[in-house]
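Novice: Letter by letter, the chains look like this.
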Amino acid sequence: MSDLRIIDIEKRYRTAEPKGGASSFMLRPVRLTIREGEFFSLLGPSGCGKTTLLKMVAGLLEADGGEVWVGDENLTDVPPESRKFAMVFQQSLLFPHKTIEDNVAFGLKMQKVGKKQRLKAAADMLEHVGLSGFGSRYPDELSGGQQQRVALARALVANPRVLLMDEPFSALDPGLREEMRELLSRIQKEFRVTVLFVTHDRDEAFALSDRIAVMGEGQLRQVGTARQLYERPETTAVAAFLGLKNILSGTVNNGRFTSSDKTLETAVNGELADGDYFLVIRPESIRAAEGDRPGQVSIKGTVQEMTYGRGMYSLKVKAGSQLLECAFTTFQAEKTAVGEPIELLVDMKEAWFVKE
Amino acid sequence: MWQKTKPYLLLLPAAATIILLFFGGIFDGLLKSFGYFPAIGETGFSVAAYDRLLSSSSFWESMALTLRVAALSSLLSAIIGAFIAVALFFLNDSIERTSPKPWHRLFQLPLTIPHLVAGYIMVLLFMQSGFLSRLLAAMGWIDEITDFPVLVNDPFGWGIIFAYAWKEAPFVTLMLYPVLSRIHGSWREVSRVFGAGHWQFIREIVVPVMMPAWAIATFIVFVFTFSAFEVPYLLGVTYPSVLPVYSYQLYTSGTLSDRPEALAVNVILAAITILLGLVAYYFSKRWNVLKGWG
Chain A
1 MSDLRIIDIE KRYRTAEPKG GASSFMLRPV RLTIREGEFF SLLGPSGCGK TTLLKMVAGL
61 LEADGGEVWV GDENLTDVPP ESRKFAMVFQ QSLLFPHKTI EDNVAFGLKM QKVGKKQRLK
121 AAADMLEHVG LSGFGSRYPD ELSGGQQQRV ALARALVANP RVLLMDEPFS ALDPGLREEM
181 RELLSRIQKE FRVTVLFVTH DRDEAFALSD RIAVMGEGQL RQVGTARQLY ERPETTAVAA
241 FLGLKNILSG TVNNGRFTSS DKTLETAVNG ELADGDYFLV IRPESIRAAE GDRPGQVSIK
301 GTVQEMTYGR GMYSLKVKAG SQLLECAFTT FQAEKTAVGE PIELLVDMKE AWFVKE
Chain B
357 MWQKTKPYLL LLPAAATIIL LFFGGIFDGL LKSFGYFPAI GETGFSVAAY DRLLSSSSFW
417 ESMALTLRVA ALSSLLSAII GAFIAVALFF LNDSIERTSP KPWHRLFQLP LTIPHLVAGY
477 IMVLLFMQSG FLSRLLAAMG WIDEITDFPV LVNDPFGWGI IFAYAWKEAP FVTLMLYPVL
537 SRIHGSWREV SRVFGAGHWQ FIREIVVPVM MPAWAIATFI VFVFTFSAFE VPYLLGVTYP
597 SVLPVYSYQL YTSGTLSDRP EALAVNVILA AITILLGLVA YYFSKRWNVL KGWG
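The listed protein sequences derive, respectively, from chains A and B. Heads up, the first sequence stops at 356 in my numbering, and the numbers go up one at a time, no gaps. Heads up, the second sequence stops at 650 in my numbering, and the numbers go up one at a time, no gaps.
No lab work stands behind these hints, which were simulated from the structure alone. There may be inaccurate statements among the hints.
As the list claims (entries may be wrong) - Facing chain B, from chain A, some residues (calculated, C-beta under 8 Å):
1. Ala58
2. Thr76
3. Pro80
4. Phe85
5. Leu93
6. Phe95
7. Ala158
Unchecked claim - Which residues of chain B face chain A? A partial, calculated answer using Cβ under 10 Å:
8. Asp407
9. His540
10. Ser542
11. Trp543
12. Val546
13. Ser547
14. Phe550
15. Gly553
16. Ile558
17. Glu560
18. Pro564
19. Val565
20. Met567
It should be emphasised that the depicted structure is a prediction, and the values quoted were computed from it without experimental measurement. Quick reminder that beta carbons are idealized off the backbone N, C-alpha and C, glycines included.
Could you build all of it, start to finish, from the sequences and the hints given here?
Specialist: Written out as structure tokens, the structure reads:
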């Protein structure tokens, strides 16, 4: 087994002039195990420390503590050129004076693989990324998407132990980005390469990853599959970052939850100690009322906004002091209009309580 | 009409001066080298001057010396200049970006000094009775100042070569540094991740990237040292002398009838320079100097 293990790795600010009041950590200690062949994403807003973490794993940035292991080999003090990792950056960063095949074969050349052999490997890899026949061109003759494919080929050709990717598709336009995602997903499964992928795009992370670590403010917030994170976020911060806007503060008392603005009162599923909670309601678990059903709780409000997007309507409903976001089918949405009162049903099995 | 011609009219005095002095001078020299010299009553054209020149051994000795001095000076400047450029590049990488760069200023210093002054500095420092030899003698490293090797006014031309190397190396650096600074900071990271150590990075990325600019800078130094006058005049020996000095000697010390020969030397120098320029242009095209830079 050669899992990638990140053990309490951390990074502090150079303490010349600590910025007003902020903690001195750029990245608080992170502990992660990424299984061999797993596609693992670090997801978070910019400045949350995910690229810092990636560069420390690569060895390009020196950690202020902690260790990096692959299998039973401690790589903490191994320089990046000896780690046998590969990396794809936000820009393709191809060498402009080298042809495409020389760019792809670069890693192999550094490993002293013979010319014939490495050019053959490069040609094979170019075929995998759909660029066979481009080998003798120069990088500036290729489009941005093609360049990024070459960067991917360059990373994979040397059979790396871990492939590190730092927002590789964020500079591409949306259509191309989707195409590249599919390509990456296919190739990753084909080569069974361990991928550590950094992104701020949750759709991208959700579409690609086996597991995701949500990061924020220089620390790891939650690790899990896309579904676990989206349906069972541990904190409101994770929920908010994943785009869940219906977060109602309130209290649980004797098994009943009351929101602070009293718009919602319901029995709580399962055991929950009394205290302050946040109720997270996904927009998909709200529907327009069509007669009561057991296990559902109704909220009265007014439709404030309706926007159409990709087959669904997104509604903003004012209920008390809360603005609830609901995802309606076209069929449901056609029965209401902006400014009209509406009664919403929330499926409490789908709702989720968090403490902070 | 006025609006369109105005800029050209404004340029006319400057342009006319340049054309008259530059091309006029060249044309006059060309005519005289072919024996057209009304002042001494010669109005016919002949290649006699070239004939005499090409069959004289002192011309060929001058030519050999000139080529040797130019080649060694440009080679030395190229090596030293590239070394400084690469050193500055890595130095810049490792120190804080915001701090001032006194290093750069230091290496730019020789650029501000005229060639004549550089020549005198060489004389003062490296002559047998110069600063360095007296310093070494005072420290007891050499017994007498005459033990110091003849580096100035030596027949091989070391004095000239050193002066040029010192003077032109910063020029090569100046030409290379902007090219090196186009090397993406992240390329170092990329190459490290893919297994390239420090030297491999220099060999694979830095050298190929700076090669075209390097070759061109070296070529410019070569052409300049090939046809420059003052440093060899100051630091060379009377015989053999480099071609420009040889031409000057012929022009001033001989009779009026020697002047066509002196001017023929200049025409040959100009022709060789133009030829070298064309060769360099051809190669820079073939290499596609900026291939891949977009």
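Novice: So, for every hint listed, does it hold in this structure?
Specialist: Hints, verified against the model:
no.: 1; hint: Ala58; result: holds (6 Å)
no.: 2; hint: Thr76; result: violated (16 Å)
no.: 3; hint: Pro80; result: holds (4 Å)
no.: 4; hint: Phe85; result: holds (6 Å)
no.: 5; hint: Leu93; result: holds (5 Å)
no.: 6; hint: Phe95; result: holds (6 Å)
no.: 7; hint: Ala158; result: holds (7 Å)
no.: 8; hint: Asp407; result: violated (49 Å)
no.: 9; hint: His540; result: holds (6 Å)
no.: 10; hint: Ser542; result: holds (5 Å)
no.: 11; hint: Trp543; result: holds (6 Å)
no.: 12; hint: Val546; result: holds (5 Å)
no.: 13; hint: Ser547; result: holds (7 Å)
no.: 14; hint: Phe550; result: holds (4 Å)
no.: 15; hint: Gly553; result: holds (5 Å)
no.: 16; hint: Ile558; result: violated (13 Å)
no.: 17; hint: Glu560; result: holds (7 Å)
no.: 18; hint: Pro564; result: holds (5 Å)
no.: 19; hint: Val565; result: holds (6 Å)
no.: 20; hint: Met567; result: holds (9 Å)
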